[in-house]
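**Q** Residue-level listing of the chains:
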Amino acid sequence: MRLRSFQIILWVAATAAVVAFAAVRWWPATEDTAAAASAFTPTFALADSEGRIRTTDEFRGKFLLVFFGFTSCPDVCPTTLSEVAQVMYDLGSDAGSVQPIFISIDPERDRRLGLADYTKAFHPAILGLAGSEAETQAAAASFKIFYEREDDTSSPDGYTMAHSPGLYLLSPDGAWLRQFTYGTPAAEILSDLQSRL
Amino acid sequence: MKHFLLAASLTLSAPAAMACETVTIGDLTVEHAWSKATIGAGRPGVFYVEITNTGSTDDALVGIATPAAGMPMLHETVVQDGIASMPHAMSIPVPAGQSVQLSPGGYHGMLMGLTTALKEGDSFSVTLTFEKAGEVTVNVDVLSLRAEGPDCADAGQ
Ligand SMILES: [Cu+2]
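Taken in order, these protein sequences are the chains called A and B. Taking my numbering, the leading residue of the first sequence gets 1, the next gets one more, and so forth. Taking my numbering, the leading residue of the second sequence gets 1, the next gets one more, and so forth.
If we strip away everything but chain B, and leave its shape as in the complex, we get (with noise of 0.2 angstroms):
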């Protein structure tokens, strides 16, 4: 049964496989980055991923820049007395010790002026820039358009 369930937890997250690498810049961990299929390249495509900051120095994720699109952007989406908006974030916060999401619902990429529809099992690359850690460049998985995240062994963690 052990080994069904290993079996069957390799086989999910194989498709996911660059989603779950890890690059870590100076006291900063970068993982689970992921988008989601689009219908089309003229509406905008999501970026989503998990930061953690080891350090004790607090950062800030203060821009993204991708080959995949002409103007990618930090969101926001806040519901609130019931009205759901998508404001511009200036930055987002990486707390020294703490582990900030990209994620749907909350903060995210915005990828708009796509240079083409992404499909799912496509991968492009995202540089993230920190106020203080500087830059890094990931690996973006495309999941499918009804994806909730990336299935990595660690997910959820």
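Isolated chain A (complex conformation) (with noise of 0.2 angstroms):
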């Protein structure tokens, strides 16, 4: 008798300790998800082909269209380069409230390369950001993006970047909206950013 209330007291406390544990688990990783999706506010300090710093803050009042790439890249970067354009095409009149950028995670060799040339033979619109190293590690962190040099004697200079190749959507405040993934048609983007303006 007395064990079985002690089996009791036992089954009790565990019970207690799951519900405790789910909790803790569940509650604060839940209000955790939504005060950082509202909160989560991207930022860049970067410089452009003329070497002007040129911030996240100077852009409030736009929609921002971020793309991390690099220009020594023929096969996936030029083929979202292309859609960013079609996009900026198709939304004609409306086009002065989205601003595209294009931040380089190969920022040396882009610079020398010529990172406006690149850019503008898509759209005149697409600006070009290069930085340090040091910026643009501080950038893709604050779009929580990935990046990484990998040593390639297949590639020219004998390397290559891998990274995240999807598109980024900021609002007129600076906040996070969404991400469009690779290979998302302009059309699709396109009609997203319409139901926004």
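Because the hints were derived from the structure by calculation, they are not lab data. Certain hints may be false.
Covered, in the sense of this in silico footprint (three residues per stretch, anywhere, with C-beta under 8 angstroms from a C-beta of chain B), are these stretches of chain A [unchecked claim]:
hint, region
1, 45-56
2, 114-126
3, 158-169
Yeah, the Cβ is synthetic: ideal placement off N, Cα and C, and Gly gets one too.
Could you fit the two chains together into a complex? Lean on the hints.
**A** Have a look at this one:
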């Protein structure tokens, strides 16, 4: 009898522990996620092709379409930049509300090769930025994206860059809105933007 | 209306005439060879093509050569766990009875050490080496930087 009540106490304690654990595990996590999503405001401070530091703050009031890449990337990067260019052309008179930005994750080489020539070849509105290594890492961390230099003898200069190929949309107040995964058709990006303008 | 559409499609396909050429070697058909314009010669160019194996023996593309670039290589764009990378492809399988495409976002020829910038409207030759069928040379059309592929009457088949 005493053993049984002891067992009951144990069960009650165990159940309470599970409930407490679940509460700790889930409640704050959910709040954290919600808070993080609403408070998530990516930032950058990076040089443009003329060496002027451009920051997220100066673009408040516009939607930002941000893409990380490198210009010695003939396959993935032109596909996304072409889509961004198409979106800008198709936005017509609304194009002024959207600022497309290309952030180099291979800044030293891209500065040497010339960033503006490259971005302008897709669309004149695309702003190419290439900061220092530390500034680039800070921008990537702020957008929660990954990039990495990989040594590769089958690539130009013996290395290539692995990177998150998504396209990121920020609201006019600078908050993260969403990502368009690699390969999202221009028409889909356009209609998403038009629904917000 | 039909005549109008025919005229329109002829007009569209005219600039991409060479990309629409078909070259055969043994059981392999090679077509839709194209490239994109580059900004200067300091960045690599790209080479895309479609290969169909109508035979009953598997083959593989094992290399490319071109006068347009000092270091042409086969690559594959891989997007895994949200990260895009571009490893070297030792060989690209061309299985019996199947088609394989070198196309944006997948396999591609990476043309490093360009001898000159590639301009829209230019063309150059690429020699493909297959494991079994041997070598075949195709003409490659340089399309615009923003092109998604050649406009051939039979494209997308
Ligand atoms: Cu490549």
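**Q** Decide, hint by hint, whether the structure agrees.
**A** We went through each hint and held it up to the structure:
1. With 0 residues carrying a beta carbon less than 8 angstroms from a beta carbon of chain B, the region 45-56 of chain A misses the three-residue requirement, and the given coverage is violated.
2. Counting residues of the region 114-126 of chain A whose CB lies closer than 8 angstroms to any CB of chain B gives 5, so the stated coverage by that chain holds, three being the minimum.
3. With 6 residues having a beta carbon nearer than 8 angstroms to a beta carbon of chain B, the region 158-169 of chain A meets the requirement of three or more and the stated coverage holds.
Violated hints amount to a single one, hint 1; each of the other numbered hints is respected by the structure.
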